[in-house]
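Enquirer: Residue-level listing of the chains:
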Amino acid sequence: MDIVDTFSYAWGGIKLRKLRAALTTLGIVIGIAAIVALLSLGEGFRIVITSQFERGFALDVLTVTAGRGLLANIISGSGSEEYLTLNDTYTIDEIAGVRQATATLSKSIGLSIGNKTYTVTVVGINFTEYSTIYSTSFLLENDSIPLNPSNDSIILGYRLHDPWKNGTILVRVGDYINLTWTTGSITKPIVKRYTFHVAGVLKEIGGISIFGPSDIQAYIPITTAQEIFETDQVSQIQVQLVSSEQRTIDSVTDSIKNIYGDKVTVVSPSAMLNAFSSILSTVQLLLAGLAGISLLVAGIGIMNIMIVSVIERTREIGILKSLGMKNKTVMIIFLCEAALIGLVGAAIGIVFGLGLSNFVTNFVFPLIGNGTNQSNGQGNRVVSNITPVLTPTVCIGAFFFGIATSVLFALYPAWRASKLKPVEALRYE
Amino acid sequence: MALIVQTINLQKTYMLGKVPVNALRGVNLEVESGDFVAVVGPSGSGKSTLLNLIGALDKPTEGKVIIDGVDVSTLNEDELAELRRRVGFVFQFFNLIPRLTASENVELPLAIAGVKKRQRKEKTADLLKAVGLSERAGHNPTELSGGEQQRVAIARALANNPRFLLLDEPTGNIDSKTADILISLLKRLNEERGVTIIMITHDPNIARQAKHIVHILDGRIVDDASSMGGGS
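Chains as they are written, first to last, in this note's numbering: chain R, 72 to 500; chain V, 13 to 244.
Hints are computed from structural coordinates only; laboratory data are not their basis. From the three backbone atoms N, C-alpha and C, an ideal C-beta is built for every residue, glycine too. One or more of the hints may lead you astray.
[As the list claims (entries may be wrong)] When the alpha-carbon atoms are kept at most 20 Å apart in a straight line, the in silico DMTMM-like pairs for lysine to aspartate or glutamate are as follows:
#1 R:86 <-> V:155
#2 V:128 <-> R:73
#3 R:492 <-> V:94
#4 R:490 <-> V:91
#5 R:178 <-> R:153
#6 V:129 <-> R:159
#7 V:133 <-> R:76
#8 R:399 <-> V:74
#9 V:135 <-> R:76
#10 R:492 <-> V:74
#11 R:492 <-> V:89
#12 V:133 <-> R:73
#13 V:129 <-> R:73
#14 V:135 <-> R:73
#15 V:71 <-> V:91
#16 R:492 <-> V:91
#17 R:490 <-> V:94
#18 V:141 <-> V:203
#19 V:76 <-> V:94
#20 R:399 <-> V:90
#21 R:259 <-> R:301
#22 R:86 <-> V:116
[Unchecked claim] Estimated spans, in silico, between C-beta atoms of each pair:
#23 V:126 <-> R:467: 29 to 35 Å
#24 R:346 <-> V:88: 55 to 61 Å
#25 V:88 <-> R:483: 20 to 26 Å
#26 V:157 <-> R:483: 39 to 45 Å
#27 R:94 <-> V:26: 53 to 59 Å
#28 R:458 <-> V:130: 51 to 57 Å
#29 V:158 <-> R:471: 46 to 52 Å
#30 R:383 <-> V:33: 26 to 32 Å
#31 R:94 <-> V:81: 49 to 55 Å
#32 V:203 <-> R:382: 42 to 48 Å
#33 R:479 <-> V:230: 49 to 55 Å
#34 V:126 <-> R:94: 30 to 36 Å
#35 R:89 <-> V:175: 37 to 43 Å
#36 V:88 <-> R:498: 19 to 25 Å
Work out the full structure: start from the sequences and follow the hints.
Expert: Here you go:
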């Protein structure tokens, strides 16, 4: 029996029980739709996140932190005993391939405007060095960065100036604002207040920033920061390289490692992006795996229905065998029935999944994004920017996965059908 | 005349629950090409068992079935399937596939044997014409009378130019007038086309139409009237 005849015979078998076939197909539709929706949303999310990161990133800047990195410090439960100081900037400046190194010191601090206090991250920087390194993003709205700032100068990120982006200005250039730094123990807190003069507001950067300038941070001279926080440490050293080539990144990273050993962690933005991207991929895969459970259930449904179908059609199988059909052909017919169900189910499922993800981005995400919690502004912006992306790989993969699942779960029933003895099958009532 | 079917000391034992039932107890039968044999005997005498063994639908407990000089017991599953394509089976309950039309039912064994579509269509039309059902080709079995269904079954059995036809009580479920038409069809096929026929029946009038009659009782041949044809 040739393949066309086999498929048309299988199709006849499906048509015989339309409702049953439709319900079995529905299982596959749901499974594939879930996978496609989650993967295309995940892909959309990944694209938004990476593009946001890329906007805030300078690819030629390495970040050096003390210890084995943030994650390692969290895992080991103790803060790092190693620390960096301003002097380390000079050491790093000497390394070949380094254009300039600058230290930053950042802390969460209370910022009082009017009678309201907001918690923001204040970063102590060297204005000259910092604005050289981040020359494309560390820019003022309509002025240039003061290169010799007074000790009480503060530069605000755009969203501290205009948090709701509707013209409700919270603070302007020239205003004075209060910073509140709480120190001491939990039981006996010592609250210190400092008054700063707003020297400028940054142009809106957009995106999410980890190491570079950000819309939601405030910047003060690093010497002032060290005074306020009573430390000679710095949080990070940003190292600008002569080029963003991987070769330069590697050689400078190696040189820093040679000097400090395991006492510091060097992160390059590209490595960071890759790491982030791979985390997102893993999460995506996990989501797809969860969706896969529904496909598993659908597969079991197919198996169940096929077993019933084989029992019901025992006599038909007997007839086919008495007419000289080979066992493997009997098996192939039942596998073809499953494949057809999988094919139709997967095709509909892909369309449904894409529809579902579009529905979610158009109708569900805006509901989340409408929350007016300005401290969470970045996250909402990310969510409302997501457009589902269905890559050809996912599309083709989902298609074949749907068919494969159906066929896989039909293997046992089909095998059972092929093993029926002709005489007994013909006698079956 | 060439020997087309031969059974040697054919035995078949079934297990009915835990009780063994000896359906066949040593049957020696020889059928020559172009013969028309009627196998008669009461219910439970082992007629159907014999037919199933000759048609390679079942395996004997003891003894041999030799078709066209080939010992059936030496064949594997696939070879048995191919052998069945050269045997035309007609069952008491027709065993047509309900969801297929008359012509699709006739076409089915041709499709199974891998015959090309166009040849299949021609052959199917010829066969339906031969059994007088050309006008009913597009009807499903449920829309056909018992006699018509049985004629479709015969057309189907003839599709692959079988070496012989095996009929298991072909007139058992149709009225006597239709049965007469059917038997004359069989006789015509036997005489004009030289189709070898082995037919089970318990109706003596039907059996008399055959060239030879084999009587079976309790799993044994008791009176092989085909002895004049050179049987055992």
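Enquirer: Looking only at beta-carbon atoms, does the pair residue 203 of chain V, residue 382 of chain R fall within the given range of 42 to 48 Å?
Expert: Given a distance of about 44 Å, which is inside 42 to 48 Å, the answer is holds.
Enquirer: With 30 to 36 Å as the target window, see if residue 126 of chain V and residue 94 of chain R comply at their CB atoms.
Expert: holds, 35 Å
Enquirer: Is residue 492 of chain R within 20 Å of residue 89 of chain V, Cα to Cα?
Expert: The given pair, whose Cα atoms are some 10 Å apart, holds under the 20 Å limit.
Enquirer: Given the hint of 39 to 45 Å, check if residue 157 of chain V and residue 483 of chain R actually sit that far apart at their C-beta atoms.
Expert: holds, 40 Å
Enquirer: What's the verdict on residue 490 of chain R and residue 91 of chain V, does the C-alpha distance respect the 20 Å limit or exceed it?
Expert: The given pair, whose Cα atoms are some 15 Å apart, holds under the 20 Å limit.
Enquirer: Lying within 53 to 59 Å: is that true of the beta-carbon distance residue 94 of chain R to residue 26 of chain V?
Expert: violated, 40 Å
Enquirer: Checking one constraint from the list: CA of residue 133 of chain V to CA of residue 76 of chain R, max 20 Å. Satisfied?
Expert: Holds, at about 13 Å.
Enquirer: Against the 20 Å threshold, does the CA-CA distance of residue 76 of chain V and residue 94 of chain V hold or violate the hint?
Expert: holds, 18 Å
Enquirer: Between the alpha carbons of residue 399 of chain R and residue 90 of chain V, is the straight-line distance 20 Å or under?
Expert: This hinted pair holds, its Cα atoms lying about 9 Å apart.
Enquirer: Does the alpha-carbon distance linking residue 129 of chain V and residue 159 of chain R stay inside the 20 Å limit?
Expert: Violated - the C-alpha atoms of residue 159 of chain R and residue 129 of chain V are around 85 Å apart, more than 20 Å.
Enquirer: If you draw a straight line from the CA of residue 490 of chain R to the CA of residue 94 of chain V, is it 20 Å or shorter?
Expert: Cα-Cα ~16 Å, so holds.
Enquirer: How does the Cβ-Cβ distance of residue 346 of chain R and residue 88 of chain V compare with 55 to 61 Å: does it lie in that range?
Expert: With Cβ atoms ~59 Å apart, the hint holds.
Checked against the numbered hints given earlier, this structure breaks hints 6, 8, 27; the rest are met.
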